[in-house]
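A.B. asks: Residue strings, one per chain:
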Amino acid sequence: MPILISYNNLFMEKETSDDFIDFKSLYNTAPCGLLIFEINGPIIYINQTLLKWLGVGEKEIVNKNFTDILDRAGVMYYELFVQPILKMHQEVKEINLNIKTPEGAFSCLFNGVAVNKQAGGGEIINATIFKVEDRKKYENELLLKRTKAEEEKQLKSKALQEVAFDQSHLVRAPLANILGLIPVLQQMIHKDNEVNQVLTMLQQSASKLDNQIRSIVNKANLNT
Amino acid sequence: MTDVIKRNNVRVIGEGDQAIILAHGFGCSQNVWRNLVAVYKTKFKLILFDFVGAGQSDLEAYDSKRYSSLDGYAKDVLEILEALNIKNTLFIGHSVSSMIGVKAAIAQPSYFKKLIFVSPSPCYINDEEYIGGLDKEDLNNLLELMDSNYLGWSSFLAPQVMGNLDRPELGEELVANFCATDPDIAKEFARVTFLSDNRTDLENLQTESLTLQCSKDILAPLAVGYYIEKKAKNNTLKILEATGHCPHLGAPEEVIEAINAYINFV
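Going down the list, the protein sequences come from chains S and R.
With this note's numbering, letter number 68 in the first sequence gets 68, and the count goes up by one each step, no holes.
With this note's numbering, letter number 20 in the second sequence gets 244, and the count goes up by one each step, no holes.
Just so you know, not all the hints are guaranteed correct.
Pairs of lysine-lysine residues, derived as DSS-like cross-links and limited to a Cα-Cα distance of at most 30 Å, are as follows [to be verified]:
| no. | chain 1 | residue 1 | chain 2 | residue 2 |
| --- | --- | --- | --- | --- |
| 1 | R | Lys411 | R | Lys299 |
| 2 | R | Lys299 | S | Lys148 |
| 3 | S | Lys158 | S | Lys93 |
| 4 | R | Lys457 | R | Lys269 |
| 5 | R | Lys360 | S | Lys136 |
| 6 | S | Lys137 | R | Lys289 |
| 7 | R | Lys440 | S | Lys52 |
| 8 | R | Lys411 | R | Lys267 |
| 9 | R | Lys440 | S | Lys158 |
| 10 | R | Lys267 | R | Lys230 |
| 11 | R | Lys311 | R | Lys337 |
| 12 | S | Lys64 | R | Lys360 |
Read the hints as simulated data drawn from the structure, not as lab findings.
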């Protein structure tokens with residue numbers, strides 16, 4: 001039995017030896033759902049894996065529409081987004097849909113390509129269904145964290161806004177008074193007086209403080 | 225002044241005196257009209273556009289307040305017609321855009337000759353006797369599904385796409401897979417679409433209209449078509465053999481035939 005064969009040989013081998021590589025078995029036992037359906041109509045083929053997941057027999061599903069295996073939100077999403085995209089771009093990728101089963105529903109990723117039917121009529125869709133139960137849990141976790149992070153960010157930005165407001169109004173108001181009083185005092189005291197030197201130092205410190213507050217307010221406003 | 229043409233990515237094509245403005249529905253862009261465009265561009269002047277947030281519209285122009293109701297979107301339609309100086313137009317709207325057209329026609333009747341609704345609904349949510357087809361839970365589940373499908377894109381990819389002029393294929397691919405350019409806007413549009421109740425508008429509509437109702441549509445069941453026929457003056461109801469919510473994509477021939485019959489176009 002050859003181990004390495006070319007792609008072409010594979011098909012030639014297939015014709016001569018049925019048990020060599022069994023495409024039908026690959027189709028039916030693939031670890032993903034495979035199906036073919038008319039874009040405006042019924043399911044034509046569906047593999048055993050998907051039938052098993054759906055918990056139904058082939059006869060019960062063929063002639064039903066693809067949307068019949070989706071939950072209500074899935075049907076809405078399919079009609080609003082997926083079908084228009086398939087019509088316009090002939091391909092959709094990694095669309096999250098929920099598939100109904102007797103035990104409830106499972107989350108899947110749907111990929112589909114539109115292929116033109118030979119004898120007139122609409123397109124047919126070749127599709128794969130990947131079950132994503134564990135990954136879905138992880139994604140839900142991520143979504144939850146993202147929502148939480150957004151909420152926290154909003155809270156923080158609100159707190160920062162309050163800090164900026166307090167700094168610019170409550171803190172700067174008395175400081176502005178101090179800055180205004182210093183020149184008044186300087187005029188009242190004789191030029192050579194030592195107190196005047198202290199006042200100059202006081203004014204420099206107050207100005208520095210004023211600049212600091214302005215920069216804090218600016219930073220806070222930038223981050224909100 | 226706002227550049228309406230850029231904001232809504234307005235394109236005027238085709239040869240003809242009579243104008244037709246085509247308004248896409250939620251979740252899509254002006255590209256959905258291509259089957260109709262191919263047929264009508266030889267005889268009509270066609271006005272195509274994207275609502276803000278969809279297709280190649282100007283995302284900077286999105287204003288949560290303006291677009292918090294369908295009135296904001298109706299204003300856009302009127303501003304487009306005003307900018308192009310077009311009156312007495314035929315209006316074709318899909319899904320939510322049917323009601324956007326109703327609102328625009330109530331505000332400025334002279335702009336519209338006839339309205340054509342493709343899969344319309346004045347109210348998607350069931351309300352006592354009224355059958356809209358959906359309940360609140362359906363809507364929440366849809367929003368959740370939209371959220372999960374935008375997972376790989378929204379927050380970190382969207383700004384890149386917008387600024388990525390050297391890699392336009394990145395943006396194109398996302399737009400191709402989602403039909404919209406901004407998931408947050410899409411979510412707000414979904415809320416505005418599915419929570420709006422425009423039933424009273426139908427009674428105030430004076431312009432004559434045609435409803436193209438699919439025979440099986442989860443988003444607009446048959447009862448909705450009958451409701452519009454009853455409430456809107458001079459409404460003609462045409463039930464299509466087509467199923468689903470987008471017959472202009474799924475069964476364009478049937479849609480075109482029904483429109484031709486209504487506007488006496490051979």
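A.B. asks: Each hint: holds or not?
C.D. replies: Results for each hint:
| no. | hint | result |
| --- | --- | --- |
| 1 | R/Lys411 - R/Lys299 | 20 Å, holds |
| 2 | R/Lys299 - S/Lys148 | 36 Å, violated |
| 3 | S/Lys158 - S/Lys93 | 39 Å, violated |
| 4 | R/Lys457 - R/Lys269 | 27 Å, holds |
| 5 | R/Lys360 - S/Lys136 | 24 Å, holds |
| 6 | S/Lys137 - R/Lys289 | 35 Å, violated |
| 7 | R/Lys440 - S/Lys52 | 28 Å, holds |
| 8 | R/Lys411 - R/Lys267 | 37 Å, violated |
| 9 | R/Lys440 - S/Lys158 | 48 Å, violated |
| 10 | R/Lys267 - R/Lys230 | 25 Å, holds |
| 11 | R/Lys311 - R/Lys337 | 8 Å, holds |
| 12 | S/Lys64 - R/Lys360 | 27 Å, holds |
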